[in-house]
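Colleague: First to last, the protein sequences are chains A and B. Just so you know, we're using my numbering here: the first sequence kicks off at 303 and counts up by one. Just so you know, we're using my numbering here: the second sequence kicks off at 293 and counts up by one.
For the record, the hints were derived by calculation from the structure and aren't laboratory data. There are no misleading hints in this set.
Computed from the model, here is a short list of chain A residues facing chain B with C-beta under 7 Å: (1) Ser406; (2) Pro411; (3) Pro422; (4) Arg426.
Covered stretches of chain B, going by a simulated chain A footprint (3 or more residues, C-beta under 8 Å): (5) 462 to 470; (6) 482 to 496; (7) 562 to 576; (8) 609 to 617.
Note that the structure is predicted; figures quoted are calculated from it, not measured. Don't be surprised by glycine CBs; every beta carbon is placed ideally from N, CA and C.
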Amino acid sequence: MPEATVTSTTSNENVTPDSAPIIRAERIEKYYAQPSQNRIQVISPTDLSIIPGEILALLGPSGSGKSTMLRMLSGLSRPSAGQVFWHEKPIGDAEINVSIVFQSFALFPWLTVLENVEAPLKARGVDPETRRERSLNMLTTVGLEGFQAAYPKELSGGMRQRVGFARALVVEPEVLFMDEPFSALDVLTAENLRSELLELWSNKTMPTRAVFIVTHNIEEAVLLADRIIVLGRNPGHIRTDFKVQLQHPRDRKSEPFTNLVDYIYKVLTRPEIAAAAPDQTTGKPVRDQRQMHYQMLPHARPGGVAGLLELLIDKGGRDDIYRLADDLAFEIDDLLPIVDAAQILGFLKIEEGDASITPKGSDFGNSEILRQKEIFREAALENVLLLRQIRRAIETKSDNTVPEEFFLDMLDEQFSAEESQRQVETAVNWGRYAELFDFDAARRRFTLPEAEQEEAEAADAEDAE
Amino acid sequence: MKLPQLPVRFPERLQPRFQPFARSLVMVRSWPVVIDLGLAACLLAAFFALVHTGHYVFGTPVPVVPISHSLSALPLYSFYSVIRIGIAYLLSLAFAISYGYTAAYNPRVEAWMVATLDILQSIPVLSFLPPVVLAMVALVPGHQLGIELGVVLLIFTGQVWNLAFSFYSSLKSIPKEMLEASRIYRYSAWQRFWQLEMPYAAIGLVWNSIVSVAGGWFALIACEMFTMGDRNFQLPGLGSYLRTASDSGDVTALIAGITTVILIVVATDQLIWRPLIAWSDKFKFEQVESADRVTSPILELIQRSHLLSTLPSRLWSGIEEPIYRRLSRSRDCRVVQPIDEDAARKKASPVFWLISALILAVILWGASKAVVLLSQLTGSQIVTLLEGAIASFLRVNVSLIISALWTIPVGVAIGFNPKLARIIQPVAQIFASVPATAFFPVLLLGLVKIGGGLGIGSIALMLLGTQWYILFNVIAGAMSIPSDLREAASLYKFTRYQRWTTLILPGIFPYLITGMVTASGGAWNASVFAEYFKIGNQTLQTLGLGQQIDIATDAGQFPILLAATILISLMVVSMNRLVWRRLYRLAETKYKLLA
Ligand SMILES: Nc1ncnc2c1ncn2[C@@H]1O[C@H](COP(=O)(O)OP(=O)(O)O)[C@@H](O)[C@H]1O
Ligand SMILES: [Mg+2]
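All chains should be built: construct the whole structure from the sequences, respecting the hints.
Modeller: Here is the structure:
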């Protein structure tokens, strides 16, 4: 059924006079330079257009490059290759008029609410009276009448984001960008703000011609968007791009709605088909992460994996990922890493959006804790290269310790410095659970787990005698 | 979080002033060794330039202003000293801001500039007194202004580095989304500076200013009057007043002078620093309103007065509105400037390379000259220098240990008693700001009477100057130990020994290290000052690098001066890198109490 609501579009089909794109990206890419001379590709060549009259949602797991994409489209960040056009002029030269609503609000805490909203107008040289009047009007529109003299820190999260909206809208942007605007808010507040935003949009209270929203919340995307683009990662690429033709207001419980959500889950968990062709235009080596030998460890805890498997066993060993997320009240960003981890360890298989447990997985889920650790250890050594390497390195060294630096250097070849650090953290987490090794945080060294350390010392003492 | 570069979290009320200062002393080195070597060459060259300029001075007489020690001269002298400090401080603030700004936004020079910070702040400024003053006197011959400039330049050098580091690291830690907001809303550099960068850096700058000015007083008192061979360099001011008073044994004048110094310090604290701290609270980058904060009656007074509280902002908007209107037509305000515009990737012009090559040549030439200067040292001079280095090293560390030994028990006792702590904390802050150099003559007079030597005297001076930093931090550390941990310790009937080893010492460790790092910097400066002292027509001295520096100054032996300065800097830098940084890391990982 979901296919009925899905029509595949590509950017070039829409070039008709009334829907000429406001922003058009042509094969944009992004890499980040590494200290090791390598470059990490974050976005592979991508075409994308923002068309007047629609709310476009960019959906994807964290780290897939959504924020990077938003920044390139808004002119905040230069693509490493490719071009972004604003009304068919290169964006670097055009006087563009866009706003961004940030996840962290990015308000200036030392300015009052009014001063925060006035600041962009000040930059545009609007005179003080007009500035004040426009800002106060905008505050009224977002429901913050009477709060103009307050400081952001005196407001609740929801009210702060209202200030964020007021600041964004006061400049009457042609495109309103939002980077996970609701994810720092609690569920009810987020729901409330979302519906008010939709109201402003559909009543044409704001002069904005297009909205681009980045989110990792599937339901949010389906609730708001006229068009959804799903991003895959490593490097970021478009997995699907389709129109949503449900009527507003949308009902989360309706069948077309849940079908659509289910469809997106399927897209997100479907295995990737082929790797993108390696970059051939420049001399420097560009690493494509799918051709690298370290797999990217999902940042999930072993306890989470165990919990997921136990739940699956209760459900007869097979269930829809969407329903699992629903049962657990998880967002995809919480659930996907756990699913990924279970998959890497060979405890789980994913087919068409369904998760089914493997024999090893059910063995793991059914065992008591000590046995679980043992199974986990075997699975980890078999399937996770980084853990295997750490363990082997410790065993070979005479003092049984290896500095963290050593592995960071190797990971840096492939991941950003930040991600390398996170990879090590996850490895430490898994290694400690599996009692493969321990980590001395003060010396930043991997060591043998305590039990084995004592054994080793005892053996040394015997040798000495 | 108040200070972006804070390594440990402090209870709200007890934001120690010296924290960020200590942090910058133990920077994690992120630059290649080449840069360190290059900088060493630059410093050698600079030294040679100074000395070379200074050589001319022997031809030009400088008028010597007689210094009075009558009470009636005191107000004018205080005024002079305050003006000197003020000018030096304002200069350092301006310089620090431009330095931090340049370093933070120019990837090509960033590593060099940060490494410069790291090394220059390790050099005790007092050891540079003679060459700097001589060079300045040579530039402004036959006039007091030369000495004046030399002294101001020296205080400036002592004050500027921690301010610059604070500003730089604030800029680097501005949250990315706020920077992006300023770009997407097309702020001009001007608006970004006043609405984002300055407010964000304000708190760090205020706290570091307090440290800087305290250091400035310490140095000023020491260098308003000094001799070189048979030549006297003196400036009318509090430092020379105290010196003259002690030379002539005028105890009344001494006491009056010291009282004046203390009064000035207390007044600065009450009239400037406290209002500034209280005011800068509004720049705290904290998303929640905190319960207690520093209060200042003066600030409240200003805020209550309608005229005083609205006048500045009205004046200010009169100035800035036209600026904003003009700037809105600039490119910055019409086109969104990408945040990752890679300045490093732009090709450098040939002119840049030409200039760099020229500068490099000059530096290499100067450095080689300085090396030639060094090679004039004889074997026995080198041995004496090394002996002096060991003696000073021991003395600095003995004074640190003594300070730690008494401040730990006292500080912990105070910290465990919040009421007491609230009273003592501000007092300790003020004590830490009183320049110990002012007390030194009195101390020596006393020591001479009871037959003690300068060996004890210099340790006493170091203690006087540095123990407050440690006390202050230990109190903060003790207060940060959660009371439930303390209750648990008494519930499980820990012995006294167990309480100290498992709870108290680990709990205060990060704070203790912070205090010791700062104190050791101060102690080195004190050692340059205190190992050689002329009082009346007597010369007191004790073996040490400071003594070598002073003797070399008196005799105009620049090779020794240079070698001694290099030795001190090497010792301070390597202590920072080898010992303090490791302890810091330990403090940040193992002994960090979870917030
Ligand atoms: N400045 C940077 N240097 C190196 N890697 C970066 C940088 N910024 C982002 N990345 C990497 O790019 C990837 C995508 O990041 P981002 O766009 O923030 O993802 P998302 O918003 O989808 O969570 C991540 O793997 C991240 O580590
Ligand atoms: Mg993001």
